[in-house]
Amino acid sequence: MTLQRSIRSCALAAGSLLLVIAAGFGGPAAATAADAVAETTPDTMILKLSTEVLEEIRADKAIQAGDFDRLQKLVNERILPKVDFDKMTRLAVGRAWRTATAAQRATLTEQFRILLMRTYSGALSKVTDQSIRLRPSHGQDDPKDVIVRTQIVASQGDPIGLDYRLEKTDDGWKIYDLNILGVWLVENYKTEFSQSLNQGGIDNLIQALTQKNQKLAAAAKS
Amino acid sequence: MKPLVAPDIAGGRLRRWMLGSAAGLLLLAAGGCATVPPTAGNNPADPYERLNRQVYAFNDHFDRSLAQPVARGYTKVVPRPVRDCVGNVFANVGEVGNFINAALQLRPGDAAADAGRFLVNTTAGLLGCFDVAKGMGMERNRQDFGLTMGKWGLPPGPYLVLPFLGPSSLRDAVGEIPDYYTDPVRFVNPATDYYITYGVRFVDRRAQYLDASNLVDDAALDPYEFLRDGYLQRRRSRVYNGNPPPAADYEDPDSPPADAPAPLPAGGKPPAQ
Chain H
1 MTLQRSIRSC ALAAGSLLLV IAAGFGGPAA ATAADAVAET TPDTMILKLS TEVLEEIRAD
61 KAIQAGDFDR LQKLVNERIL PKVDFDKMTR LAVGRAWRTA TAAQRATLTE QFRILLMRTY
121 SGALSKVTDQ SIRLRPSHGQ DDPKDVIVRT QIVASQGDPI GLDYRLEKTD DGWKIYDLNI
181 LGVWLVENYK TEFSQSLNQG GIDNLIQALT QKNQKLAAAA KS
Chain U
1 MKPLVAPDIA GGRLRRWMLG SAAGLLLLAA GGCATVPPTA GNNPADPYER LNRQVYAFND
61 HFDRSLAQPV ARGYTKVVPR PVRDCVGNVF ANVGEVGNFI NAALQLRPGD AAADAGRFLV
121 NTTAGLLGCF DVAKGMGMER NRQDFGLTMG KWGLPPGPYL VLPFLGPSSL RDAVGEIPDY
181 YTDPVRFVNP ATDYYITYGV RFVDRRAQYL DASNLVDDAA LDPYEFLRDG YLQRRRSRVY
241 NGNPPPAADY EDPDSPPADA PAPLPAGGKP PAQ
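As given, the protein sequences belong to chains H and U, one line each in that order.
For the first sequence, my numbering assigns the number 1 to the initial residue and increments by one for each residue that follows.
For the second sequence, my numbering assigns the number 1 to the initial residue and increments by one for each residue that follows.
Treat each hint with caution, since some may be false.
[Unchecked claim] What follows is a set of in silico ranges between Cβ atoms, one per label pair, in the way DEER data are often shown:
hint, chain 1, residue 1, chain 2, residue 2, range
1, U, D84, H, D145, 38 to 44 Å
2, U, L126, H, A217, 44 to 50 Å
3, H, D145, U, Y209, 30 to 36 Å
4, U, V216, H, A102, 30 to 36 Å
5, H, A217, U, P81, 34 to 40 Å
6, U, R50, H, R133, 40 to 46 Å
7, H, A217, U, H61, 22 to 28 Å
8, U, S65, H, R133, 38 to 44 Å
9, U, E139, H, S125, 23 to 29 Å
10, H, T44, U, E139, 20 to 26 Å
11, H, A106, U, P81, 47 to 53 Å
12, U, E139, H, T41, 21 to 27 Å
13, H, A154, U, V70, 19 to 25 Å
No wet-lab data here; the hints were simulated from the structure.
None of the values given here were measured: they were computed from a predicted structure.
Even glycine gets a Cβ: it sits at the ideal position worked out from N, Cα and C.
From just these sequences and the hints, can you work out the full model?
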């Protein structure tokens with residue numbers, strides 16, 4: 001009896017010790033693994049990214065005072081690495097992309113990136129008390145290509161729907177389309193681009209985008 | 001709510017808006033100030049692009065020379081809490097239309113929520129000045145007759161730009177009529193109060209979208225097209241309650257069918273379009 005009891009208590013002690021060891025070593029390991037998993041789901045990535053960017057904007061006095069260059073720097077550092085501009089431009093240009101030279105492709109992507117980043121920064125410069133909320137998204141069957149639905153919630157006014165289309169790449173999840181209030185940007189630009197392409201081909205579109213960006217840059221300086 | 005204005009007088013106001021618009025259009029036709037691209041009308045969604053661009057130019061001119069400056073002045077002079085209150089009161093009055101349309105869409109849950117919001121905000125929210133219901137987790141569900149017809153399966157038809165009202169479609173333009181007749185502001189009496197109420201609501205709305213219109217100007221190569229395509233996409237999305245079936249092809253030109261030409265090297269001339 002006593003032997004049995006001592007064995008049992010010994011087993012119990014050993015078990016507890018194992019648990020403690022597990023908590024001491026395995027615990028953090030398990031936690032980091034869980035973090036890594038959380039990091040790679042597109043939902044948490046978007047939520048984390050947008051929440052952090054909003055917080056940084058609110059905390060930055062210069063941005064609050066209207067320092068646009070600083071805001072653009074923040075956007076370039078934080079958001080740019082998560083966006084696949086090549087794919088965005090390809091999709092928006094459509095068929096004509098196939099006939100574009102490598103140089104034309106590079107210029108198109110670059111000019112489109114400048115335009116989008118400027119517009120996006122312009123929208124972010126209006127940030128006051130907004131926060132981001134995830135909305136449920138359902139009916140997604142492609143594990144490598146998903147839509148993340150969010151809402152911008154402010155104290156005043158109706159929530160603004162803001163959705164992201166992401167693709168899983170070797171370099172993590174990348175955004176390649178954005179939906180504001182029910183409007184997908186790639187689809188909207190696709191019609192606009194096709195108009196320009198029909199009128200004068202790829203060079204015409206490049207010219208239109210470059211002129212637009214120059215005009216915006218000049219307006220920002222004045 | 002008991003109508004305080006005889007329908008024929010209210011109808012007279014609608015006629016006056018139409019007359020005013022017609023006069024504006026005539027002026028436009030005489031001036032011909034809009035630049036219309038040669039491809040105008042090629043887009044199947046916008047067969048009346050030539051006319052639409054004229055109306056758009058008129059609206060844009062009206063907006064820049066009158067509506068925007070007034071809205072900017074309003075945001076400068078009137079403090080934020082007061083503006084929030086004004087916007088909330090009008091939004092609360094709008095629950096009447098939201099309720100009617102939710103009912104017509106056979107969505108009793110939404111209709112009940114609209115009625116609930118209206119009751120809570122009209123009482124606890126002091127005649128709608130504060131959106132108390134929002135704090136209770138009841139989101140506003142804006143609806144209109146155009147959406148109701150869309151949900152019953154009616155396609156938008158050709159895109160239209162309405163004088164003063166802006167982007168619309170044949171369906172949504174027809175929807176403006178029942179929207180107008182179910183709008184409680186219509187019953188404001190006497191006439192001077194009615195015009196003031198309408199004017200304040202117009203300025204309040206314009207003030208709320210000041211940032212958005214700057215954004216369109218910045219983002220668009222052609223603001224007319226950008227606004228049109230955005231409007232059509234948004235309405236379609238709303239008809240499907242935010243989950244529309246994928247519209248255009250999301251075809252990546254980089255993964256072409258086998259017979260597609262390979263991309264040309266840098267410096268190479270693309271074939272003629």
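query: Would you say the C-beta atoms of U/L126 and H/A217 sit inside 44 to 50 Å of each other?
result: 47 Å, holds
message: Does the beta carbon distance between U/V216 and H/A102 stay inside 30 to 36 Å, or does it fall outside?
response: 32 Å, holds
message: Tell me if the beta carbons of H/A106 and U/P81 are separated by a distance inside 47 to 53 Å.
response: 50 Å, holds
field: C-beta pair H/A217, U/P81: status relative to the range 34 to 40 Å that was hinted
entry: 37 Å, holds
task: Using the beta carbons of U/E139 and H/S125, state whether their distance is inside 23 to 29 Å or not.
output: Distance hint for U/E139, H/S125 holds at roughly 26 Å.
query: Holds or violated: 19 to 25 Å for the Cβ distance of H/A154 and U/V70?
result: Holds, at about 24 Å.
- prompt: Falls inside 21 to 27 Å, the C-beta gap from U/E139 to H/T41?
  reply: 26 Å, holds
Verdict for U/D84, H/D145 (Cβ pair) under range 38 to 44 Å: For H/D145 against U/D84, whose Cβ atoms are near 40 Å apart, the range 38 to 44 Å holds.
query: Between H/A217 and U/H61, does the beta-carbon spacing fit 22 to 28 Å?
result: Between H/A217 and U/H61, where Cβ atoms are some 26 Å apart, the hint holds.
query: In this structure, is the beta-carbon distance linking U/S65 and H/R133 contained in 38 to 44 Å?
result: 39 Å, holds
- request: Starting from the hint 30 to 36 Å, judge whether the C-beta atoms of H/D145 and U/Y209 obey it.
  value: Holds, at about 33 Å.
query: Does the Cβ-Cβ separation between U/R50 and H/R133 fall within 40 to 46 Å?
result: Cβ of U/R50 to Cβ of H/R133: about 43 Å, so the range 40 to 46 Å holds.
Hint compliance for this structure: every hint is met.
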